[in-house]
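Protein chains: 4
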Amino acid sequence: MHKNQGPVYYNDYLKLDSFLDCQQPLSRKHADPENPEAHDETLFIVVHQAYELWFKQILHDLNSVMAIFSKPQVADNEFGFIIQRLDRITKIQEMLLSYLGILETMTPMDFLEFRSLLVPASGFQSTQFREIEIKLGLNTNNRESIDREFFMGRLTEKDRDKLAALENIPSLLKLVEAWLERMPFTATNNFNFWEEYKKTITHILKGDADTIHANMANLSEADKKMQLENLRMTQENFDSLFNTEEHHKIVEAGKRKLSQKAMLNALFIALYRDEPMLAMPYQMFSAMMDIDENFTTWRYRHALLAQRMLGSKIGTGGSSGHQYLKKAADNNRVFMDLFNLSTFLVPRSQLPAIPSEVRQKLNFNA
Amino acid sequence: MHKNQGPVYYNDYLKLDSFLDCQQPLSRKHADPENPEAHDETLFIVVHQAYELWFKQILHDLNSVMAIFSKPQVADNEFGFIIQRLDRITKIQEMLLSYLGILETMTPMDFLEFRSLLVPASGFQSTQFREIEIKLGLNTNNRESIDREFFMGRLTEKDRDKLAALENIPSLLKLVEAWLERMPFTATNNFNFWEEYKKTITHILKGDADTIHANMANLSEADKKMQLENLRMTQENFDSLFNTEEHHKIVEAGKRKLSQKAMLNALFIALYRDEPMLAMPYQMFSAMMDIDENFTTWRYRHALLAQRMLGSKIGTGGSSGHQYLKKAADNNRVFMDLFNLSTFLVPRSQLPAIPSEVRQKLNFNA
Amino acid sequence: MHKNQGPVYYNDYLKLDSFLDCQQPLSRKHADPENPEAHDETLFIVVHQAYELWFKQILHDLNSVMAIFSKPQVADNEFGFIIQRLDRITKIQEMLLSYLGILETMTPMDFLEFRSLLVPASGFQSTQFREIEIKLGLNTNNRESIDREFFMGRLTEKDRDKLAALENIPSLLKLVEAWLERMPFTATNNFNFWEEYKKTITHILKGDADTIHANMANLSEADKKMQLENLRMTQENFDSLFNTEEHHKIVEAGKRKLSQKAMLNALFIALYRDEPMLAMPYQMFSAMMDIDENFTTWRYRHALLAQRMLGSKIGTGGSSGHQYLKKAADNNRVFMDLFNLSTFLVPRSQLPAIPSEVRQKLNFNA
Amino acid sequence: MHKNQGPVYYNDYLKLDSFLDCQQPLSRKHADPENPEAHDETLFIVVHQAYELWFKQILHDLNSVMAIFSKPQVADNEFGFIIQRLDRITKIQEMLLSYLGILETMTPMDFLEFRSLLVPASGFQSTQFREIEIKLGLNTNNRESIDREFFMGRLTEKDRDKLAALENIPSLLKLVEAWLERMPFTATNNFNFWEEYKKTITHILKGDADTIHANMANLSEADKKMQLENLRMTQENFDSLFNTEEHHKIVEAGKRKLSQKAMLNALFIALYRDEPMLAMPYQMFSAMMDIDENFTTWRYRHALLAQRMLGSKIGTGGSSGHQYLKKAADNNRVFMDLFNLSTFLVPRSQLPAIPSEVRQKLNFNA
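Heads up: the protein sequence lines correspond to chains V, C, F and Z, in order. Residue numbers for the first sequence follow my numbering, so the first one is 1 and each next one is one higher. Residue numbers for the second sequence follow my numbering, so the first one is 1 and each next one is one higher. Residue numbers for the third sequence follow my numbering, so the first one is 1 and each next one is one higher. Residue numbers for the fourth sequence follow my numbering, so the first one is 1 and each next one is one higher.
Calculated from the structure, these hints are not laboratory results. Some clues are possibly wrong.
Intra- or inter-copy, both count: the list cannot distinguish identical chains.
Unchecked claim - For lysine-lysine, the following BS3-like pairs were computed, each having C-alpha atoms within a straight-line distance of at most 27 angstroms: (1) 162 x 29; (2) 198 x 56; (3) 162 x 361; (4) 162 x 224; (5) 327 x 255; (6) 29 x 206; (7) 198 x 361; (8) 56 x 91; (9) 71 x 327; (10) 71 x 361.
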């Protein structure tokens, strides 16, 4: 236990003198009798600072989870911390969503009072938010080129360099991929797991096809076409799972990020998450999907707010904010592959049995 | 006051015997030793019934607001109720968003246990949700044809007819448009309000252009092009506001819904919302934008959930749910014109003064 | 409009270099090989700083509302701002409630890692929170003596003096009381409003009594006694409303804070909130009750968190946190009188009619 | 997998015809020209029905968790389901809290329009809510006698009998207590765990005492007294943990519910939750505390709402609602013992080491 180092005062511990001196509205600094301080600029500053404060916390937890996965071996007793910290990130994100509703108590007219003073500053310049994105697993190759130019062009050289450097270290996505690739269970000598599994999915897919055909009579031409196309895609998806070459093509096309091996082991976890050893890794997957969903939703809601504040005006940073943001919401997904695992699931009752030698390893000694 | 009609028992008042008998999982009905009841089907039913219960409440409040606007004249003392009920709808919507998080406690594997039993039922068949959409102001002409076919094809003839009939009565959007068109203030004889306003925006737009040109040096070619295009669009937007023919074209193209007259009077409210008589109408606009934002966000989050549950599988109703839903989120906006009002706002300090004869009418007698 | 003062960079505008340098865990400063940094101390600091940041915002909005009420006359067009800013405070409070859930992702064991370093710092030393309480209307006379000693004893002299000085300026409660006392409508010469009202409540109270007596047969002795006592209290409450001396006694006993005149005019607003001029004042009452409820709920939830973290251990500041906090939740209500207005309401259908000369004044000119 | 049983229609699957026919406002039934339907009675019904619907879901999940614990042995692969379902209950509770905010959009005046029609129905008559309370672990012996009379007196004989019968089956609290008592780890022959632990806490308690005495100079007499009393209580608490007789007295006094053996094993889990086998049981404790906190907060918020609606009037069921509810919030805690575990925790760095033979059992085979 740390030794107590002398009496601590709340105000000093939190460095409130400096901390609460950082809210300096430009409309106060440049106020004159004709142009008084804009009351709501304080809200604007507070909301953005509060975001940055919580981004720092998210990075603190994210870094610690990445540190655990950076070691050659993840100890079983570290999964508790991984879950706790990823769950915390999701709770923080949910709370951050409500900041948008608070910011919307400022009407567009109130915003206009100080908007011109901010040019060309823009929320796109938040390097902490970029750092989170990059560390989760969004990198240059995932961002479309226009996007990349758009952001990078707005940063100082120092900030740009800092972010570029981050893209060279393995992201959480890459670290978890490596961990998944190391997972031993599906590779056991006499465990022909994937063969059993393939039989099952062949059966399921046939069921889906039957369903569609049974409903054909009631469908419009357009609808019919859509459904058949869908079925074809699903079959292709399944094929790709076991076809190394196909899988590679999908990765090249930017539609999948995990390696084939990682993907299959992730699927194993999703299918057998009831086994004690896979329970917490599955909780981790859930938390990762939550994180993805929350940032995606936030970007989308942010786009709606930008439109509400500006209509079709340009943003302070020169961006047509809301259209950009909506596109970003869809494109900047990190853990899409985990969402897409559902494509490959089968009902518990049809799950191939795990051989007892493997099963034993997934359980406790006691 | 209503006369008391004899003792009332909680259970009877709420008709709980019938109400709590409506949750009948199909996997319970068809259970056998090999296929036991799927535990989470109850959650699936409860979530959907809870949605329908609240949709009924939303319709109850929406109908009452529409009834107020259906009268030839909206009394001033009815605005309190309008605000109260629209605000209630937004609070209900915010709560309904959290249902998605509750539904996600069911994992995709849990869903698979009973999914096949539901075919081809689909949430798209919720006639109450469609009724809300239509009554707010989404009608056939607003929906793209594929969308229309898609939904309608899934309904019974009775339900289809019911919804079709609703499209023939004036929606909230239409009723509010008519109310806005009746607003007298900007039409006063010697109130050349719009001329004054035009001078102001010409000045503002020049400022925006200067801003862009000042930043040109730092921008990439792509960015520069985007911004200039944006500025051009903004100017066109302003022009369209006063050019009846241009305005009509925009409406025809489906990019605006309100008539020119209604649009201008809505703008007047947004600009002068500090005047006592315009304060509550402006609160109404805010509530309407909140309602739009909340449904839009809900559709978007719903799309993410669908993907999480199904991956790229087809939905139980035969839809490729998540892609469809994402598109719907963007297309099915009702009060877009209110969001776009922000395009036309000017800072308070540059607002043209309202002539005292008009101003007096916007105030209390006391 | 403020003139643009040269390009602004996001990072500089928000003073992020200083701002993000204020999170300095003591367990990092005093770390050694045996006692590494406690991972969750950062969360502890971030949560508390985020509270302080939002407290600053709450004070910013609260001060502006108090400034409006400090003028001899509140202009009708200022009510929009009053509502907007009080509503914003309630939205901020609702969000702040979720901080407790985030803090609870830190387990009691995690807290123990750095708890000893904080002694005797305590959240009770937050002067901004005290400032909010005092400005809303909690002052020395409202706090019980033990409470006062408890807090004040933990502050530096400077902080103590600062808070003491705040108690000498009129709180929001006092300012609104004065505004209510100035309200002219119920004092009109030939408007015997309160006489009409008294007739109505006599009728209502009789109904309540009948209800109780009709149910007597089914009640236990204890229950019967409780209800009759309740009825007696309700009658006393009504009497006190018009009996200056009785009212004074209740205020002296600390059970009511508003003057008799203010109380009656507040009741008038609650009863006739449909009248255009009273609609926004009633919205203000609702916001004030929300603010009270939110802080009360927050104190209560805070007490549960303290118990969860510490069990029956003492707090870092030497307080038996959770028991204290629970008591504080109940005692530190500010706008209790607004809640208690409901005691005196009557159904709309039984409301005395307002004379047309008064009614006209409550409406718009148009 | 269940076999598809023929096409299913959304409306039929959810039994919407019956379900949406259960909202029948009494003020509609008894409406006449003078007393029209009260608009907000629908909201009142919808909120209460929505509560009952979710209570049914909570019971569904609670029952399934109780079924798992009712077996002689809880399988390791069932903990995933336990956590999933308890977490779901907490998410449902958090959402249910927001119903109070929705109900508050009905003003006290709106409530008065139909309140008299409901007498003497009361939310206290919700048998599902009572069922949840009893199944969690609140039984007659935990409720104070007035409380018991108060509720039971309001129920029909049938409902009363149903609830009384439930009190005879083991609650979740009792089932988990039995499971904890069966836990083998701390009972290992040569594992003198508790002796090691006692040494540690003696050391810690001395530290707490030193802290208090070091701060004595700055404290008021009242404060000093409170802190010393607190310290004494803490010491007593620790003593009671190992003193069977003392422990028994505390249970008799209603201040503890778990047996001594269960309490010690629960403490073991809290202290060593990093060990893989204890990680999910600890998550279960967290979920149980969340459930307790959420119901407690809900009761408290409910009390504030009752006061806001009724002031000091009696409730429709004849109760002085808000005072009763506040008291209930504090008294009706179920998992208090888990909160109080924190009293007995020690920092990780001071934890006694677990012997390797025990530790191995807490880990996976792999």
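Practice item. Output the numbers, in ascending order, of every earlier hint that fails for this structure. Key: Hints 2, 3 and 9 not satisfied by this model.
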